[in-house]
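Going line by line, the protein sequences match chains A and B. Just so you know, the first sequence maps onto residues 11 to 369 in this note's numbering. Just so you know, the second sequence maps onto residues 11 to 369 in this note's numbering.
I should point out that these hints are in silico values taken from the structure, not numbers from a laboratory. Misleading hints may appear alongside valid ones.
As the list claims (entries may be wrong) - Stretch-level coverage of chain A by chain B, calculated; a stretch enters the list once three of its residues show a Cβ under 8 Å from a Cβ in chain B:
id : region
1  : 178-188
2  : 227-239
3  : 255-261
As the list claims (entries may be wrong) - Just the calculated beta-carbon pair ranges, DEER-fashion:
id : chain 1 : residue 1 : chain 2 : residue 2 : range
4  : A       : E251      : B       : P312      : 34 to 40 Å
5  : B       : E251      : A       : D313      : 31 to 37 Å
6  : A       : K127      : B       : K355      : 56 to 62 Å
7  : B       : E348      : A       : E315      : 26 to 32 Å
8  : B       : T87       : A       : K303      : 54 to 60 Å
9  : A       : E315      : B       : K76       : 43 to 49 Å
10 : B       : R366      : A       : E251      : 53 to 59 Å
Stated by the list, open to error - Listed next, the in silico PhoX-like pairs over lysine-lysine satisfying Cα-Cα at most 25 Å (straight line):
id : chain 1 : residue 1 : chain 2 : residue 2
11 : A       : K362      : A       : K62
12 : B       : K207      : A       : K303
13 : A       : K303      : B       : K303
14 : A       : K207      : A       : K355
15 : B       : K303      : B       : K207
16 : B       : K303      : A       : K316
17 : A       : K344      : A       : K319
18 : B       : K288      : B       : K303
19 : A       : K362      : B       : K362
20 : A       : K104      : A       : K76
21 : A       : K207      : A       : K362
Just so it is clear, CB atoms sit at the ideal spot from N, CA and C, and this is done for glycine as well.
There are 2 protein chains.
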Amino acid sequence: MSISRRALLQTAAAVPFAKLMDAQEKDHIGYCIVGLGRISMGHFMPGCLDSKKSRVVALVSGHRDKAEKEAAKYSVTAGSLYSYEDFDKIAGNKEIDAVYIALPNSMHAEYSIRAAKAGKHVLCEKPMATSVADAQAMVNACRAAKTKLMIAYRCQYEAVNLEAIQIIQEGRLGTVQAMESANGFVERAGEWRLNKKLAGGGPLMDMGIYSLNACRYLTQEEPRYIEGFCSVIDHDGRFDEVEENVSFVIRFPSGIVASCSTTYGAQMDGYVRVHGSKGTLHLQPAFSYEGIKLTAHIQGEPDTEKTNKLNDPAQFTTMADYFSDCLINNQEPKTNGEEGLRDMKYIAEIYKSCGRQTF
Amino acid sequence: MSISRRALLQTAAAVPFAKLMDAQEKDHIGYCIVGLGRISMGHFMPGCLDSKKSRVVALVSGHRDKAEKEAAKYSVTAGSLYSYEDFDKIAGNKEIDAVYIALPNSMHAEYSIRAAKAGKHVLCEKPMATSVADAQAMVNACRAAKTKLMIAYRCQYEAVNLEAIQIIQEGRLGTVQAMESANGFVERAGEWRLNKKLAGGGPLMDMGIYSLNACRYLTQEEPRYIEGFCSVIDHDGRFDEVEENVSFVIRFPSGIVASCSTTYGAQMDGYVRVHGSKGTLHLQPAFSYEGIKLTAHIQGEPDTEKTNKLNDPAQFTTMADYFSDCLINNQEPKTNGEEGLRDMKYIAEIYKSCGRQTF
Numbered sequence: 011m012s013i014s015r016r017a018l019l020q021t022a023a024a025v026p027f028a029k030l031m032d033a034q035e036k037d038h039i040g041y042c043i044v045g046l047g048r049i050s051m052g053h054f055m056p057g058c059l060d061s062k063k064s065r066v067v068a069l070v071s072g073h074r075d076k077a078e079k080e081a082a083k084y085s086v087t088a089g090s091l092y093s094y095e096d097f098d099k100i101a102g103n104k105e106i107d108a109v110y111i112a113l114p115n116s117m118h119a120e121y122s123i124r125a126a127k128a129g130k131h132v133l134c135e136k137p138m139a140t141s142v143a144d145a146q147a148m149v150n151a152c153r154a155a156k157t158k159l160m161i162a163y164r165c166q167y168e169a170v171n172l173e174a175i176q177i178i179q180e181g182r183l184g185t186v187q188a189m190e191s192a193n194g195f196v197e198r199a200g201e202w203r204l205n206k207k208l209a210g211g212g213p214l215m216d217m218g219i220y221s222l223n224a225c226r227y228l229t230q231e232e233p234r235y236i237e238g239f240c241s242v243i244d245h246d247g248r249f250d251e252v253e254e255n256v257s258f259v260i261r262f263p264s265g266i267v268a269s270c271s272t273t274y275g276a277q278m279d280g281y282v283r284v285h286g287s288k289g290t291l292h293l294q295p296a297f298s299y300e301g302i303k304l305t306a307h308i309q310g311e312p313d314t315e316k317t318n319k320l321n322d323p324a325q326f327t328t329m330a331d332y333f334s335d336c337l338i339n340n341q342e343p344k345t346n347g348e349e350g351l352r353d354m355k356y357i358a359e360i361y362k363s364c365g366r367q368t369f
Numbered sequence: 011m012s013i014s015r016r017a018l019l020q021t022a023a024a025v026p027f028a029k030l031m032d033a034q035e036k037d038h039i040g041y042c043i044v045g046l047g048r049i050s051m052g053h054f055m056p057g058c059l060d061s062k063k064s065r066v067v068a069l070v071s072g073h074r075d076k077a078e079k080e081a082a083k084y085s086v087t088a089g090s091l092y093s094y095e096d097f098d099k100i101a102g103n104k105e106i107d108a109v110y111i112a113l114p115n116s117m118h119a120e121y122s123i124r125a126a127k128a129g130k131h132v133l134c135e136k137p138m139a140t141s142v143a144d145a146q147a148m149v150n151a152c153r154a155a156k157t158k159l160m161i162a163y164r165c166q167y168e169a170v171n172l173e174a175i176q177i178i179q180e181g182r183l184g185t186v187q188a189m190e191s192a193n194g195f196v197e198r199a200g201e202w203r204l205n206k207k208l209a210g211g212g213p214l215m216d217m218g219i220y221s222l223n224a225c226r227y228l229t230q231e232e233p234r235y236i237e238g239f240c241s242v243i244d245h246d247g248r249f250d251e252v253e254e255n256v257s258f259v260i261r262f263p264s265g266i267v268a269s270c271s272t273t274y275g276a277q278m279d280g281y282v283r284v285h286g287s288k289g290t291l292h293l294q295p296a297f298s299y300e301g302i303k304l305t306a307h308i309q310g311e312p313d314t315e316k317t318n319k320l321n322d323p324a325q326f327t328t329m330a331d332y333f334s335d336c337l338i339n340n341q342e343p344k345t346n347g348e349e350g351l352r353d354m355k356y357i358a359e360i361y362k363s364c365g366r367q368t369f
């Protein structure tokens, strides 16, 4: 049975995807950028400049002057600049198909839900929220509004990480037994990431989540058991509210075990090692914006070494275009709200398990 | 106050160190090798050939022909060849100052204790025993007999590992926050290491112990909390009695966290990564007999790369000579019975924590 594009569009129009119709007709997705910080101004928005499918069409910022300066670079009209107070007016802006939320973690839920209520799709930075309840509310709100929700797990769209998944899933490492990962950096005093209310937690929320997510996408399994230990070493004021270090272990249903570390007290060049009965795969850097590199030693194969030559902001272009394609083709994104919610639940389990420590 | 060597010797003679007197007079230690397997024949005994302080003077084996063949290589006289049954006769052999025990793990306790009762010092391979109780009994027996007990933690005497300890303890990495380690190999069906009674456990006993010990000697701290997950993936008969994989996490009193993996199901090139506020230190291979390599990236220092050029069996020479020096100078070895006992207790805690899993 062949269904014409017109018929499909009519079907789409029958459900509340009217806003998508516009996008489909113009073959690109217009993004409203919510939060003008490093990741949006330095990476996501430049990534859209290189894209035909993903365009910056509106900005939300508390600083009008900053917004106007950025607007000029992306040909955003004055009518498409919003403050947080008048954010809900995006509902009436037909240019906006989706929002890209790059706010402190604690604001993800509110603006995702408001965007959904405004009939806009949501691409939200990780971590999805600061609590499982908020993450669930985001999923519910987008489901109710029939808008799509994608969490910006960039690495799940990055070529070298995808190749690692493929090598493992094709069984070329044999039976995977164990893996290790670490990811962290030295956070500076005063950053919002050290504020529990804004960040929801310490390095586990911001950096450890990469290792956790990688263990899941590389194995394509969900943790059966997960636990960790947290600590604060530097009592210099930075870690009055959030942990400085976390180590955690995972046991997957197949029996694969993983051990991971994260920190805000040391520069950790993010990496993943996967040990299989027939070989070892090493990603390092595994999660960075540039130069992600895979090394594999596999029995019976020449040694593999692959580096992603597409440097920043190309990874953001790829991710944005993936979501744009999902919207244009009405497909559920791989890293949807449920995917983000799972990580939130595992993170909550790790934090809960840290409670057994008597510091 | 200056005490003459003669006076010291007289003091030593006052306590039951008569056997040591001989060693001191001849300025070398005579070792009785207990168990002619790969590690003794391939590594420890060749290591003694290169030493002036450590000599192979007696052998214990269940295979007389093998013993005679080895005896010829090391100029061991026929009168110094023992079976396990007549092992206790070593008491009367004045050439023997110490035994080197390289038996399956479950036999370490019995032969260490019998050696102590025979008035001989004990250098015992790791893991020290198959239970905390056995390890404690070994410590007690050697203490009662006033013989020294050293566990053969080779890496604690290896130059590049020692340099790593020094870099960390000098504070050159700044504040150490987190570390990861892995060590493992593919074990073959039929090996005694897969027999629970002989080995006491799976890869944690044989390979994970390197990571555990390294986390301790690199931090110079004792774990405050330690936990792990175990699993069996390959239901091919090899893992009917012992685990195939373990991941474990440690939290040290200072707050340093560590995460480690070990396996008998994959080749893991043993490594340790240490993340400090000022730099990262990487040992890989960290535990092998040859080519142990350290890489350090430290702020304000040129990148460090050191490889141990002293290949097998030189690491064994160093370790044997260290113990020989301890005996000649009547000093307690760094990796004494208590050191081994600590690892046994931590391993027991990890196994106990694995019990919370409902497989």
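Hints, verified against the model:
1. 178-188: holds (count 5)
2. 227-239: With 4 residues close enough to chain B, the hint holds.
3. 255-261: Coverage by chain B holds here, the residue count being 7 at a Cβ distance below 8 Å.
4. A:E251 - B:P312: 34 to 40 Å: Roughly 37 Å apart at Cβ, these two residues keep to the hinted range, so it holds.
5. B:E251 - A:D313: 31 to 37 Å: 35 Å, holds
6. A:K127 - B:K355: 56 to 62 Å: 57 Å, holds
7. B:E348 - A:E315: 26 to 32 Å: 46 Å, violated
8. B:T87 - A:K303: 54 to 60 Å: 59 Å, holds
9. A:E315 - B:K76: 43 to 49 Å: 45 Å, holds
10. B:R366 - A:E251: 53 to 59 Å: Since R366 of chain B and E251 of chain A have Cβ atoms about 30 Å apart, the given range 53 to 59 Å is violated.
11. A:K362 - A:K62: 44 Å, violated
12. B:K207 - A:K303: 44 Å, violated
13. A:K303 - B:K303: 22 Å, holds
14. A:K207 - A:K355: 18 Å, holds
15. B:K303 - B:K207: Given pair K303 of chain B, K207 of chain B is violated - Cα atoms ~35 Å apart, limit 25 Å.
16. B:K303 - A:K316: Holds, because 24 Å separates the two Cα atoms, which is no more than 25 Å.
17. A:K344 - A:K319: It holds: about 24 Å lies between the C-alpha atoms, which stays within 25 Å.
18. B:K288 - B:K303: Measuring from Cα to Cα gives roughly 20 Å; hence the hint holds.
19. A:K362 - B:K362: At roughly 20 Å apart (the allowed maximum being 25 Å), K362 of chain B and K362 of chain A satisfy the hint.
20. A:K104 - A:K76: 23 Å, holds
21. A:K207 - A:K362: Given pair K207 of chain A, K362 of chain A holds - Cα atoms ~17 Å apart, limit 25 Å.
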